[in-house]
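**Q** Below, each chain spelled out in residue letters.
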Amino acid sequence: DGGITQSPKYLFRKEGQNVTLSCEQNLNHDAMYWYRQDPGQGLRLIYYSQIVNDFQKGDIAEGYSVSREKKESFPLTVTSAQKNPTAFYLCASSDGGGNTEAFFGQGTRLTVV
Amino acid sequence: AQSVTQPDIHITVSEGASLELRCNYSYGATPYLFWYVQSPGQGLQLLLKYFSGDTLVQGIKGFEAEFKRSQSSFNLRKPSVHWSDAAEYFCAMEYGNKLVFGAGTILRVKS
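Line by line, the protein sequences give chains A and B.
Heads up: the first sequence begins at 1 in our numbering, then just goes up one per residue.
Heads up: the second sequence begins at 114 in our numbering, then just goes up one per residue.
Isolated chain B, as found in the complex (with noise of 0.2 Å):
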């Protein structure tokens, strides 16, 4: 079945350092992926997608993904983390015009 899997429920790093949340898909072909974020009590902002073509994909604030089909995994990171990324991102692959979504990956920043 299509699922996509965030191994890590939560991710603590230190300001400046580097970034990097996991995300793992099942699908039978290239999917279309995303990434979005959210702070709390809010919508979700579209950070980057990928749907075809070149492997890395830079987004918005910094963020880049990499796509790789042989690991069937498309990895989110940021070389190096403000005390304003803290929030929840959440990875998500669309399929027969759905989203199917992660259980996100909380972040927080240290000082």
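Just chain A, with the same shape it has in the complex (with noise of 0.2 Å):
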């Protein structure tokens, strides 16, 4: 089946820990997103890439780190200095070029104590 996977479902880290997020889609498709999830704030957009290897910031990229060495992988790593990295996080790919629509994973929900 054709998909995005994000891994794991539920994550736990100590405070002052890094921590890497899977995403891994079959779709063939060239791009990924990186959201956060907050009660009553939407999402919000943290990372995205539109092709191999090259990847730009979105609106709250501060705290996070991303790479994109490969089309099916753009995994998230929450660094230390996110300073309240407790949330729901979200990968979705699309095609690219605008008017596409998005397809999503089924989120990874990060708490750090």
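Don't read these hints as lab results, they were simulated from the structure.
No experiment lies behind these values; they were computed from the predicted model shown.
Among the hints, erroneous ones may be present.
[Unchecked claim] Facing chain B, from chain A, some residues (calculated, C-beta under 7 Å): (1) Gly40; (2) Gln41; (3) Leu43; (4) Phe104; (5) Gly105; (6) Gln106.
[To be verified] Cβ pair distances, simulated, as ranges: (7) A/Gly2 <-> B/Ser139: 26 to 36 Å; (8) B/Arg190 <-> A/Arg44: 25 to 35 Å; (9) B/Glu179 <-> A/Thr86: 35 to 45 Å; (10) A/Gly96 <-> B/Ala142: 16 to 26 Å; (11) B/Lys223 <-> A/Ala81: 37 to 47 Å; (12) B/Ile124 <-> A/Lys83: 25 to 35 Å; (13) B/Arg190 <-> A/Ala81: 40 to 50 Å; (14) A/Lys83 <-> B/Glu128: 40 to 50 Å; (15) A/Ser7 <-> B/Gly166: 32 to 42 Å; (16) A/Thr5 <-> B/Ala142: 30 to 40 Å; (17) A/Ala81 <-> B/Tyr208: 24 to 34 Å; (18) A/Lys14 <-> B/Glu179: 43 to 53 Å; (19) B/Gly129 <-> A/Val52: 43 to 53 Å.
Here a beta-carbon is modelled for each residue, glycine too, at the ideal position from N, C-alpha and C.
With the hints as a guide, bring the two chains together.
**A** Okay, structure coming up:
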């Protein structure tokens, strides 16, 4: 089945530790995105990538990092510099070019204690 | 600045009643617009999209939306709500190869 897979579904980390969230897609999409979701704030764009080996900061990139070494994969690292990392993180992909729908993964809920 | 506004945080409707969820956008040109639905703890599923042409678009699960340029709106409608429609609904706008989302509207359905 084609789709976009995020793992793990739940993640717990101690404060001050870096953590990496996985996102893999087999839709052959060029573009991939990371969003953060907090109650009442909708989805806010963290980083996006239109092509392999290239990515751009979104609206709330501080404290996060990404890589795009393969078309299928777009991992997100939440660093210790992120002041409030506890949130629901959603990865998406699309054909790119704007007028196509984005397909979303099931999300990863990160809790920092 | 480009933005999407969903004025209603929560809406409660009775099962079988009609539904309208509001969405307003701010953009200098005709945008690409989307409605997504999210069940608790899940990803987002596309309900419908507007790119151009007919301003009334049909989507899945019996939903439709109407693009009104004069009002900068893209409201989502359903003639008869089912209990399974209870979820959070997001309006989104594409520009610059990015999707910008509204804050979402939580729909509650009472029997």
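**Q** Do the beta carbons of A/Gly96 and B/Ala142 sit within 16 to 26 Å of each other?
**A** Holds, at about 19 Å.
**Q** Given the hint of 30 to 40 Å, is the C-beta distance from A/Thr5 to B/Ala142 inside that range or not?
**A** 35 Å, holds
**Q** Could one say that the CB atoms of A/Ser7 and B/Gly166 fall in the range 32 to 42 Å?
**A** 39 Å, holds
**Q** I want to verify a distance hint. Is the separation of the beta carbons of B/Lys223 and A/Ala81 within 37 to 47 Å?
**A** 45 Å, holds
**Q** Could one say that the CB atoms of B/Glu179 and A/Thr86 fall in the range 35 to 45 Å?
**A** 38 Å, holds
**Q** Take the C-beta atom of B/Ile124 and the C-beta atom of A/Lys83, compute their distance, and say whether it sits inside 25 to 35 Å.
**A** Distance hint for B/Ile124, A/Lys83 holds at roughly 33 Å.
**Q** Under 7 Å, Cβ to Cβ, is where A/Gly105 needs to be relative to chain B, so tell me if that hint holds or is violated.
**A** 5 Å, holds
**Q** Given the hint of 25 to 35 Å, is the C-beta distance from B/Arg190 to A/Arg44 inside that range or not?
**A** 27 Å, holds
**Q** A/Gln106 was flagged as interface toward chain B. Is the shortest Cβ-Cβ separation under 7 Å?
**A** 5 Å, holds
**Q** Does the Cβ-Cβ separation between A/Ala81 and B/Tyr208 fall within 24 to 34 Å?
**A** With Cβ atoms ~29 Å apart, the hint holds.
**Q** Is 43 to 53 Å right for how far apart the beta carbons of B/Gly129 and A/Val52 are?
**A** 50 Å, holds
**Q** Does the nearest C-beta of chain B fall within a distance shorter than 7 Å of the C-beta of A/Leu43?
**A** Constraint on A/Leu43 satisfied, holds at 4 Å.
The earlier numbered hints are all upheld by this structure, with none contradicted.
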